[in-house]
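These are the residues of each chain, in order.
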Amino acid sequence: MDIIHSEHTHQESFISKYIFSRDHKMIAKQFMITGFTMGFIGIIMSVLFRLQLGWPGERFWINDLLLGSWANGGVIAPDKYLALVTMHGTIMVFFMLTAGLSGTFSNLLIPLQIGARDMASGFINMLSYWIFFISCIVMLVSLGVEGGAASAGWTIYPPLSALPEAIPGSGLGMTLWLVAMALFITSSLIGSLNYIVTIINLRTKGMTFTRLPLTIWSFLVTAILGVLSFPVLLSAVLLLVFDRSFGTSFYLSDIYIGGQALERFGGSPILFEHLFWFLGHPEVYIVLLPSLGITSEIVSTMSRKPIFGYKFMIGSILAIGGLSFIVWGHHMFVTGMNPFLGAVFTITTLLIAIPSAIKVFNYLTTLWRGNIIFSPAMLFSIGLISTFITGGLTGLILGDATLDINVHDTYFVVGHFHIVMGLSAVFGTFAGVYHWFPKMFGKMMNNTWGQIHFWITIVTAYGVFFPMHFLGLAGVPRRYYTNSTFPMFDDFVNLNEIISIFAIIAFLGQLIFLFNFLYSIFKGKKATQNPWNSNTLEWTTPVKHIHGNWPGEIPEVHRWPYDYNKPGYEEFIPQNIPLKEGEIESSH
Amino acid sequence: MENNLSISNYDFSENKKAQEPLLWIGLVSIIMFFAGLTSAVIVSSTSAAWKIFALPNTFWYSSAVIILSSITYQIGFSFIKKNNLKLPKILFISTLILGFAFIYFQYIGLTNLYQQGIYATGNQSTTSSSYFYALTVLHILHLFFGIISLGVVSTKSIMNKYNSNNYSGVKLSLTYWHFLGILWLYLFLFLSIMMSK
Numbered sequence: 012m013d014i015i016h017s018e019h020t021h022q023e024s025f026i027s028k029y030i031f032s033r034d035h036k037m038i039a040k041q042f043m044i045t046g047f048t049m050g051f052i053g054i055i056m057s058v059l060f061r062l063q064l065g066w067p068g069e070r071f072w073i074n075d076l077l078l079g080s081w082a083n084g085g086v087i088a089p090d091k092y093l094a095l096v097t098m099h100g101t102i103m104v105f106f107m108l109t110a111g112l113s114g115t116f117s118n119l120l121i122p123l124q125i126g127a128r129d130m131a132s133g134f135i136n137m138l139s140y141w142i143f144f145i146s147c148i149v150m151l152v153s154l155g156v157e158g159g160a161a162s163a164g165w166t167i168y169p170p171l172s173a174l175p176e177a178i179p180g181s182g183l184g185m186t187l188w189l190v191a192m193a194l195f196i197t198s199s200l201i202g203s204l205n206y207i208v209t210i211i212n213l214r215t216k217g218m219t220f221t222r223l224p225l226t227i228w229s230f231l232v233t234a235i236l237g238v239l240s241f242p243v244l245l246s247a248v249l250l251l252v253f254d255r256s257f258g259t260s261f262y263l264s265d266i267y268i269g270g271q272a273l274e275r276f277g278g279s280p281i282l283f284e285h286l287f288w289f290l291g292h293p294e295v296y297i298v299l300l301p302s303l304g305i306t307s308e309i310v311s312t313m314s315r316k317p318i319f320g321y322k323f324m325i326g327s328i329l330a331i332g333g334l335s336f337i338v339w340g341h342h343m344f345v346t347g348m349n350p351f352l353g354a355v356f357t358i359t360t361l362l363i364a365i366p367s368a369i370k371v372f373n374y375l376t377t378l379w380r381g382n383i384i385f386s387p388a389m390l391f392s393i394g395l396i397s398t399f400i401t402g403g404l405t406g407l408i409l410g411d412a413t414l415d416i417n418v419h420d421t422y423f424v425v426g427h428f429h430i431v432m433g434l435s436a437v438f439g440t441f442a443g444v445y446h447w448f449p450k451m452f453g454k455m456m457n458n459t460w461g462q463i464h465f466w467i468t469i470v471t472a473y474g475v476f477f478p479m480h481f482l483g484l485a486g487v488p489r490r491y492y493t494n495s496t497f498p499m500f501d502d503f504v505n506l507n508e509i510i511s512i513f514a515i516i517a518f519l520g521q522l523i524f525l526f527n528f529l530y531s532i533f534k535g536k537k538a539t540q541n542p543w544n545s546n547t548l549e550w551t552t553p554v555k556h557i558h559g560n561w562p563g564e565i566p567e568v569h570r571w572p573y574d575y576n577k578p579g580y581e582e583f584i585p586q587n588i589p590l591k592e593g594e595i596e597s598s599h
Numbered sequence: 012m013e014n015n016l017s018i019s020n021y022d023f024s025e026n027k028k029a030q031e032p033l034l035w036i037g038l039v040s041i042i043m044f045f046a047g048l049t050s051a052v053i054v055s056s057t058s059a060a061w062k063i064f065a066l067p068n069t070f071w072y073s074s075a076v077i078i079l080s081s082i083t084y085q086i087g088f089s090f091i092k093k094n095n096l097k098l099p100k101i102l103f104i105s106t107l108i109l110g111f112a113f114i115y116f117q118y119i120g121l122t123n124l125y126q127q128g129i130y131a132t133g134n135q136s137t138t139s140s141s142y143f144y145a146l147t148v149l150h151i152l153h154l155f156f157g158i159i160s161l162g163v164v165s166t167k168s169i170m171n172k173y174n175s176n177n178y179s180g181v182k183l184s185l186t187y188w189h190f191l192g193i194l195w196l197y198l199f200l201f202l203s204i205m206m207s208k
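If you're matching them up, the sequences are chains A and X in order.
For reference, each letter of the first sequence is one residue, going 12 to 599 in our numbering.
For reference, each letter of the second sequence is one residue, going 12 to 208 in our numbering.
Keep in mind that a hint or two might mislead.
[Claimed, not checked] The list that follows gives simulated cross-link-like pairs (lysine-lysine, DSSO-like), each with its CA atoms no further than 27 Å apart:
(1) X:LYS27 - A:LYS216
(2) A:LYS537 - A:LYS28
(3) X:LYS28 - A:LYS28
(4) A:LYS322 - A:LYS216
(5) X:LYS27 - A:LYS40
(6) A:LYS316 - A:LYS454
(7) A:LYS216 - X:LYS28
(8) X:LYS167 - X:LYS28
(9) X:LYS97 - X:LYS182
(10) A:LYS536 - A:LYS40
(11) A:LYS28 - X:LYS27
Calculated directly from the structure, the hints in this document are not laboratory data.
Only a predicted model underlies this, so the values are computations on that prediction, with no experimental measurement involved.
With the hints as constraints, model all of the structure from the sequences given.
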């Protein structure tokens with residue numbers, strides 16, 4: 012059956028093809044465009060508050076232009092600074108790095124790489140995107156309401172989030188934040204259900220679990236983490252809504268406002284922290300694992316070598332996923348936690364170093380003596396390995412109760428999680444976009460601009476976050492509007508300026524990516540069916556998308572996805588090529 | 012694993028094979044939601060402000076009703092599988108009525124608590140009473156979807172849409188209904204223990 016014939020069997024209108032599409036590839040693009048737009052907004056926010064941190068009290072026309080009444084005279088108001096920090100964190104963690112990353116690549120790659128016509132439920136998939144879209148709108152609307160957006164930090168600890176009268180951002184802005192997050196959680200949950208069921212039920216013939224690409228393993232574990240942890244956040248958010256709107260006291264006790272005791276008692280803000288971080292820590296891996304999966308695929312393909320230690324890589328993904336549920340207490344070492352419990356959380360946290368180190372070791376051994384092609388995707392993958400190591404090492408300090416207490420709530424923490432979680436996930440996202448752009452749009456991205464984008468990004472990213480560790484070690488606290496009123500931090504004024512300059516250059520560097528992305532969609536070189544000579548099934552589909560992916564029958568799988576430079580055989584052997592006579596299937 | 016279906020035979024509307032696993036994983040997420048809430052109850056119960064109170068007997072009646080509804084639904088389902096299509100109509104409608112009866116008894120139980128001065132919100136409420144109301148109402152919210160599915164199943168049954176070869180919709184709804192029954196029994200047992208600590 013040819014492509015033309017199959018298109019005739021499944022006619023779609025403009026609305027059903029581009030708006031309310033049930034085709035996973037279109038939904039992937041919708042997630043990507045929406046998630047990246049949110050990410051762009053989140054990054055702009057960070058540049059604006061970095062202006063304040065680098066040059067406190069200075070007037071900037073850009074603040075006037077973009078923030079209006081939030082920055083009268085070009086200087087961000089202190090309460091609006093908190094709103095910007097809160098919204099930056101929320102948007103980047105959830106809307107960009109959870110939905111933008113996982114929503115894009117899980118949707119794009121799961122059916123294509125396992126050999127399925129589409130997701131288990133196209134309707135649920137469509138619903139997942141549109142609920143996400145509405146949550147984005149609600150979150151953005153919260154920026155414009157009276158009192159401003161939520162300002163309690165992305166972790167929205169009570170009582171700032173539980174009492175509408177606490178600070179300006181605790182009013183309608185906080186309510187909309189909660190509504191947006193409830194919608195976001197719903198979207199993420201039903202999306203995850205779909206991913207899991209699709210991977211378990213709809214694999215093509217021969218696609219056993221030990222022949223699955225590591226991308227799929229990472230998406231599967233990510234989805235499982237989502238299904239198990241997001242409902243707990245939803246329960247925490249609901250109790251918070253009850254406290255805010257219905258007068259309960261789940262998180263409130265012994266609160267004094269203006270010297271007056273609040274007539275709410277019996278609750279505990281620490282309870283919220285437990286519930287929040289039960290999601291919050293798995294969330295780190297919800298954003299990180301897809302990037303690690305993407306990196307595994309790209310490192311092997313672009314090194315023209317089989318991934319080293321395939322089964323250990325799977326074991327590591329499972330171990331990281333499992334351990335992520337028993338480490339949440341390391342975010343709460345300073346809450347008066349019993350020291351014995353602190354020791355338990357220290358041990359479980361440090362255990363994560365083992366599977367993480369296995370992954371790093373396997374990436375490096377895959378690269379070792381590989382015939383490396385330094386495409387932008389490969390550069391960003393190597394960048395991820397770098398940030399995973401450097402950020403992971405500082406994680407050892409924060410995971411140890413005795414060391415963490417010294418740097419808790421300082422810029423050390425900001426530097427750590429931005430490198431290990433933020434940069435790693437962003438690098439994985441960029442790597443994925445560069446690598447699978449031909450599959451998404453049938454065009455190639457410009458290689459030179461991609462290389463320039465990478466070098467600007469990695470240099471400036473380290474330029475921003477590496478010095479923050481020194482600020483933190485010196486005791487500079489995070490979330491402060493300005494440190495210029497504390498003489499003890501005077502020595503760090505220049506460092507803050509340098510960080511802000513790097514942040515501005517980093518932002519400008521992303522404009523190169525944006526230009527390359529948009530230009531390539533319309534004017535890019537046409538892609539061939541398998542431009543990277545890769546083994547996975549997505550490259551056996553036609554360049555021109557069809558709903559159902561393969562015009563004829565779904566290919567059968569005969570081998571694992573990493574048969575590169577197999578001694579005595581071709582340079583690469585796609586998964587759908589049967590074993591030759593006498594050929595032994597590669598040992599994993 | 013998926014058969015090598017040709018695209019011309021593929022049904023793009025929904026993949027029926029995946030509906031049951033979708034439901035089961037959905038149930039796991041609901042379990043985690045209530046696990047989060049009941050964990051919160053355990054943490055809060057260690058507070059000095061935790062107040063105990065006796066639960067009205069009405070909740071025993073509602074528990075009996077939801078067990079009975081599961082039985083009638085299960086029997087109706089087994090008749091469908093045997094292609095006996097008359098009795099299931101009565102049994103499914105009976106289950107629907109029992110579902111409404113459960114909600115009614117829950118409402119009466121909560122009203123009794125309110126009349127005893129045990130409030131859900133406000134200055135006179137306590138965290139224990141707030142939890143009791145919250146968990147009960149959240150369970151009813153989940154039950155609401157079960158009632159909708161029961162309504163659909165009952166209607167389709169009356170229209171003779173089910174038989175021994177076509178009962179997947181009933182099976183999905185039945186699984187969810189049993190789950191809601193077990194969930195309530197767990198919540199009732201758990202809250203009874205926590206409210207008497």
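Between X:LYS28 and A:LYS28, is the straight-line Cα distance small enough, at 27 Å or below?
Cα-Cα ~24 Å, so holds.
Pairwise hint evaluation, X:LYS28 against X:LYS167, where the allowed Cα distance is 27 Å at most
holds, 20 Å
Hinted pair X:LYS27 and A:LYS40, Cα distance within 27 Å:
holds, 26 Å
27 Å Cα cutoff - pair X:LYS97, X:LYS182:
Status holds; Cα separation ~17 Å.
For the pair supplied as a hint, A:LYS537 and A:LYS28, confirm whether the alpha-carbon distance does not exceed 27 Å.
Judged against 27 Å, a Cα distance of about 22 Å means the pair holds.
Given the proposed pairing of A:LYS316 with A:LYS454, does the C-alpha separation stay at or below 27 Å?
Measuring from Cα to Cα gives roughly 26 Å; hence the hint holds.
Given the proposed pairing of A:LYS322 with A:LYS216, does the C-alpha separation stay at or below 27 Å?
Judged against 27 Å, a Cα distance of about 21 Å means the pair holds.
A:LYS536 paired with A:LYS40 [C-alpha distance capped at 27 Å]:
The hint holds at about 19 Å.
Keeping to a limit of 27 Å between CA atoms, is the pair of X:LYS27 and A:LYS216 held or broken?
With Cα atoms ~19 Å apart, X:LYS27 and A:LYS216 stay inside 27 Å; holds.
Is it true that the CA of A:LYS28 sits at most 27 Å from the CA of X:LYS27?
holds, 22 Å
Is the hinted pair A:LYS216 and X:LYS28 satisfied, with a Cα-Cα distance of at most 27 Å?
holds, 16 Å
The structure is consistent with each of the numbered hints, conforming to all of them.
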